[in-house]
Amino acid sequence: MTDVLSGLEAGFAVALLPLNLALVMGGCFVGTLIGALPGIGPINGVAILLPIAYGLGLPPESALILLAGIYYGAEYGGRISSILLNVPGDAGAVMTTLDGNPMAKRGEAGRALSLSAVASFCGGTAAVILMTLFGPLLASFAVKFNPSNYVALMVFAFASLASLVGKNPIKTLLGAVIGLMLATIGIDANTGVARYDFGVPDLLAGIDFLVVVIGLFGMAELIHLVEQQVTGKFTILPIGKSFVSMADLMATKWTILRSSLIGFFIGVLPGTGASVASAVAYGTEKRLASDGDTFGTGNPKGLAAPEAANNAAAGGAMVPMLTLGIPGSGTTAILLGALLLFNVTPGPMMFQTRPEIAWGLIASMYIGNVALLVINLPLVGLFARMLTIPQRYLIPLIAVLAFIGVYSVVGNPFDLFMIIGLGIFGWVLRKLHFSLAPIILGFVLGGLFEDNLRRALSISGGDWSILVADANSLVLYTLALLVVAVPLVLSRRKRMALDTEA
Amino acid sequence: MADRIFSGLLLLVSIGYGVMAFTVIKAPFQYDPLGPESWPRILSVVSALCCLGLLARPDTERLDLTGKTSTRLVVLLVLLAAYAALFEPLGFVIATLLFCAVLARILGATMGHAMIFGVATGILGFGVGAMILELNLPAGPLRALM
Chain P
1 MTDVLSGLEA
11 GFAVALLPLN
21 LALVMGGCFV
31 GTLIGALPGI
41 GPINGVAILL
51 PIAYGLGLPP
61 ESALILLAGI
71 YYGAEYGGRI
81 SSILLNVPGD
91 AGAVMTTLDG
101 NPMAKRGEAG
111 RALSLSAVAS
121 FCGGTAAVIL
131 MTLFGPLLAS
141 FAVKFNPSNY
151 VALMVFAFAS
161 LASLVGKNPI
171 KTLLGAVIGL
181 MLATIGIDAN
191 TGVARYDFGV
201 PDLLAGIDFL
211 VVVIGLFGMA
221 ELIHLVEQQV
231 TGKFTILPIG
241 KSFVSMADLM
251 ATKWTILRSS
261 LIGFFIGVLP
271 GTGASVASAV
281 AYGTEKRLAS
291 DGDTFGTGNP
301 KGLAAPEAAN
311 NAAAGGAMVP
321 MLTLGIPGSG
331 TTAILLGALL
341 LFNVTPGPMM
351 FQTRPEIAWG
361 LIASMYIGNV
371 ALLVINLPLV
381 GLFARMLTIP
391 QRYLIPLIAV
401 LAFIGVYSVV
411 GNPFDLFMII
421 GLGIFGWVLR
431 KLHFSLAPII
441 LGFVLGGLFE
451 DNLRRALSIS
461 GGDWSILVAD
471 ANSLVLYTLA
481 LLVVAVPLVL
491 SRRKRMALDT
501 EA
Chain A
1 MADRIFSGLL
11 LLVSIGYGVM
21 AFTVIKAPFQ
31 YDPLGPESWP
41 RILSVVSALC
51 CLGLLARPDT
61 ERLDLTGKTS
71 TRLVVLLVLL
81 AAYAALFEPL
91 GFVIATLLFC
101 AVLARILGAT
111 MGHAMIFGVA
121 TGILGFGVGA
131 MILELNLPAG
141 PLRALM
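Quick note, the sequences are listed as chains P and A, same order.
With our numbering applied, the first sequence covers 1 to 502.
With our numbering applied, the second sequence covers 1 to 146.
Because the hints were derived from the structure by calculation, they are not lab data.
Backbone N, C-alpha and C fix where the C-beta goes; we use that ideal spot for every residue, glycine too.
To spell it out: a stretch of chain P is covered by chain A in this simulated footprint if at least three of its residues, at any positions, have a beta carbon under 8 Å from a beta carbon of chain A; those stretches are:
| hint | region |
| --- | --- |
| 1 | 47 to 57 |
| 2 | 177 to 188 |
| 3 | 193 to 202 |
| 4 | 386 to 395 |
| 5 | 425 to 433 |
Bound conformation, chain P alone (with noise of 0.2 Å):
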């Protein structure tokens, strides 16, 4: 315990450095106004802006502490145009439009929007404090493993990705393996062995990560919204004068507290991120609700659940990352790559060799739900207006973003033509309902998978059943076990039980 106060008074000492604290805000602000345009959801947004972020100069802590204030922060905005627009900006706010836009319809915008913001707000601190409590607990246990059970940890966070996100469970598995084979590419930092170069100088060094993010997300977004495009105009609600009320506080209290802590543990589970969180948290509120039935109506409870528990899972998506190296959501792959671009591995050391990234992030994760609170209060109106924008504008200044994000951190004219086959890529995996994440996962974990499993063999002398030899890797395979196999009997289950009725 003296410990966790010492880290945070050390991260505290990180974040209210007078940069850090402006970077938080801004990185606040400018993630709302990101979350806000329709489409545009956190990891996009997130993989726009990282190479600027990066191209800045500076140190990875601030750095970090930017990107992750993009990040909660466009999890914040995305409220916006599901409330008004009915419009998700990602797979995370899909269940915020089910009772948000039937409530700003009735004429309640400003009801539904400060009691999201409330939500947000409440589930946001409560992962950022549960983060502060088991996250160096969990570094503590995580110290002691060794490569086997890295190994293990691997084939959990793939096993949890493949049962829990996407539709087909194939589809997510074959995105990791893809997002691992591309991580191959390049030299063999253990033996100086050129793997899939085809003799271009260029592949020599590997396909840059900023390349793989901003094609993959950045460019296939782009691609996405020109098919979308429709020439008539959505209809915005208006916001009108009406406020979150003392009894809409408390008759959601408990919905927030819960939906809370269920997107943090599921935020914290690799892999799963904001989308699984929320849609779990509306369909425990409804069950749970002595009101269900009017769920999808413009509840007030099933607009709460959702947005504490995505905020939660942002927050529950960086313990892994930054105690394990291994990030709980493609978003949070991102900012690990982010890290690694700054020569940092995070990982269970982190709390105690890097602190100031460590407890400097969650010390900043503090500062920036507060202010997210405060300014998302009285500023929804300017947020709003982003959703004016038109997408004429919008999206050549996408393209243009993600140019200026390669160009100025790789500065190499190749990458440009890189980004847009791996944005036509991304966009045909999109086509074809493949999810990206698991990719850029795969992408980020690939190097750390391969080096952990043969370093793991050079320890056994080749004998595989190293990797089977200790308890925690049998506890973290029964674990993968678990993951995989409990939601293929509920959901047998469940057929059965809709057989028997019928």
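Please build the complex by placing chain A on the supplied structure of chain P, with the hints as guidance.
Relative to the frame of chain P, chain A by itself:
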């Protein structure tokens, strides 16, 4: 059908990837039990199995593209490629000006608005990006003016 074509193509890629892993990649000498070829071998097998699974049980039938949308997408890709090709030779300001004006016009802006938008993005983008944030952007022929 779309899934089948995609997984078929990806299966070919996996096989090619696997063949390279099993034949071409080799460390000149190594002490560790797993060399640079082992991991790609595992991946090629897993990915080939996934592709086979998808071939057997596809779930996306069509891409749902109308002719009009496909034309727009092709135009977008040509514009992006042109932007990428001209980025260094023309410099950021002129390339961005052209790209933004043309794309905004295609997406429905009036001629005048598209021009204003292009000029503003080119100049403001360079001003903020290269001068205030000190990012590395190509100046192109405008270097002489600065």
